[in-house]
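Asker: Sequence:
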Amino acid sequence: MSLQNLNCKSDKKLLGEMTSCHIAEEPIKKVAIFGGTHGNELTGVCLVKHWLKNGAEIQRTGLEVKPFITNPRAVKKCTRYIDCDLNRIFDLENLGKKMSEDLPYEVRRAQEINHLFGPKNSEDSYDIIFDLHNTTSNMGCTLILEDSRNNFLIQMFHYIKVMLMLLIYKLAKDLYFLALFLPLEALYMYLYVHQSTLACWMMEADEVENSGTLTDSHATPTDSPSDIRRFFYLAFIHTVFVIGKEFPSCTIEVYKIMEKVDYPRNENGEIAAIIHPNLQDQDWKPLHPGDPVFLTLDGKTIPLGGDCTVHPVFVNEAAYYEKKEAFAKTTKLTLQAESIRCSLH
Numbered sequence: 001m002s003l004q005n006l007n008c009k010s011d012k013k014l015l016g017e018m019t020s021c022h023i024a025e026e027p028i029k030k031v032a033i034f035g036g037t038h039g040n041e042l043t044g045v046c047l048v049k050h051w052l053k054n055g056a057e058i059q060r061t062g063l064e065v066k067p068f069i070t071n072p073r074a075v076k077k078c079t080r081y082i083d084c085d086l087n088r089i090f091d092l093e094n095l096g097k098k099m100s101e102d103l104p105y106e107v108r109r110a111q112e113i114n115h116l117f118g119p120k121n122s123e124d125s126y127d128i129i130f131d132l133h134n135t136t137s138n139m140g141c142t143l144i145l146e147d148s149r150n151n152f153l154i155q156m157f158h159y160i161k162v163m164l165m166l167l168i169y170k171l172a173k174d175l176y177f178l179a180l181f182l183p184l185e186a187l188y189m190y191l192y193v194h195q196s197t198l199a200c201w202m203m204e205a206d207e208v209e210n211s212g213t214l215t216d217s218h219a220t221p222t223d224s225p226s227d228i229r230r231f232f233y234l235a236f237i238h239t240v241f242v243i244g245k246e247f248p249s250c251t252i253e254v255y256k257i258m259e260k261v262d263y264p265r266n267e268n269g270e271i272a273a274i275i276h277p278n279l280q281d282q283d284w285k286p287l288h289p290g291d292p293v294f295l296t297l298d299g300k301t302i303p304l305g306g307d308c309t310v311h312p313v314f315v316n317e318a319a320y321y322e323k324k325e326a327f328a329k330t331t332k333l334t335l336q337a338e339s340i341r342c343s344l345h
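For the sequence shown, counting from 1, position 232 maps to 232 in the UniProt record's numbering; every step adds exactly one.
No wet-lab data here; the hints were simulated from the structure.
All figures in this text were calculated on a predicted structure; none of them were measured in a lab.
Treat each hint with caution, since some may be false.
Beta-carbon label-pair distances, calculated as ranges [stated by the list, open to error]:
(1) 339 x 303: 41 to 47 Å
(2) 105 x 55: 41 to 47 Å
(3) 78 x 54: 33 to 39 Å
(4) 303 x 269: 21 to 27 Å
Every residue, glycine too, gets a C-beta built ideally from N, C-alpha and C.
Full structure from sequences and hints, please.
Answerer: Here it is, written out as structure tokens:
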């Protein structure tokens, strides 16, 4: 979410705390979990409402964890936003506007959130905010990474990937992990936590059951659903900053967004083609030059141009029609993180 712009602690400071030299000044202590940034994305809404009533499930020793409904008016109306996209306005310009009833609702809400969880760049701000989203694209369980050089975030993503793989193997479920690294110029379009030291976990609606069965070692050994939840991101933070475990260097495979692709349009600017059936629901899979990507209303196939293979994401995302995005092209690459450990231990 654009809550990344809360920049609770600067990347530079966090990187100074978590390095291969084990230099750590301040451990992470305050964590927020946001749902309802887009009011019609119900995974985060349902989970946050549940945790507001059952807060013990997400509390960890040494951590303050706060669930929060981000855009309550949009949630009540079950719409993406009221006046403008809350996920795109956590910039200094909007946060610095004089509070007035004439401001769009989401701008006023962004300022309220910045006051509650920031202020941006301040010492009192939250250390990490996890922003839960849904997508109508077939992207499965996706983590969005902001900074390709942040050892802490890469290590956390690697930890979640490994734990999910173990869980998948154990449950024999078709759940998979994919990490998405975005270039800085694409942040305003795709990143759900703008310039803070954060990751965002987007979950498909059909993963609600899985998200409710992802827990950590703090769960009690009973068979009730609330006792078998695994919150891997909280487990990682707790393991690093409270237990003091060292994590060795690691690598993760990610997908970097290179370009957004609009739908073909007629002379009036109206959409003139649909996503080709061969591309529909094929997020993350290789798309080669010449492969069909669009199908016009008169039956003409439009192939992928260029001379390189890409991996499409956000294919036919319903919320992106207004943004003129049919899908985004990504390229696969590998990121490496140095070993990390909290120096307090």
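Asker: May I ask you to test the hint 41 to 47 Å on the CB atoms belonging to residue 339 and residue 303?
Answerer: holds, 45 Å
Asker: Taking the Cβ atom of residue 303 and the Cβ atom of residue 269, is their distance within the range 21 to 27 Å?
Answerer: holds, 23 Å
Asker: Could you check the hint for me, namely that residue 105 and residue 55 are 41 to 47 Å apart, CB to CB?
Answerer: violated, 27 Å
Asker: Cβ-Cβ distance between residue 78 and residue 54: within 33 to 39 Å?
Answerer: Between residue 78 and residue 54, where Cβ atoms are some 23 Å apart, the hint is violated.
When each numbered hint is compared with the structure, violations occur for hints 2, 3.
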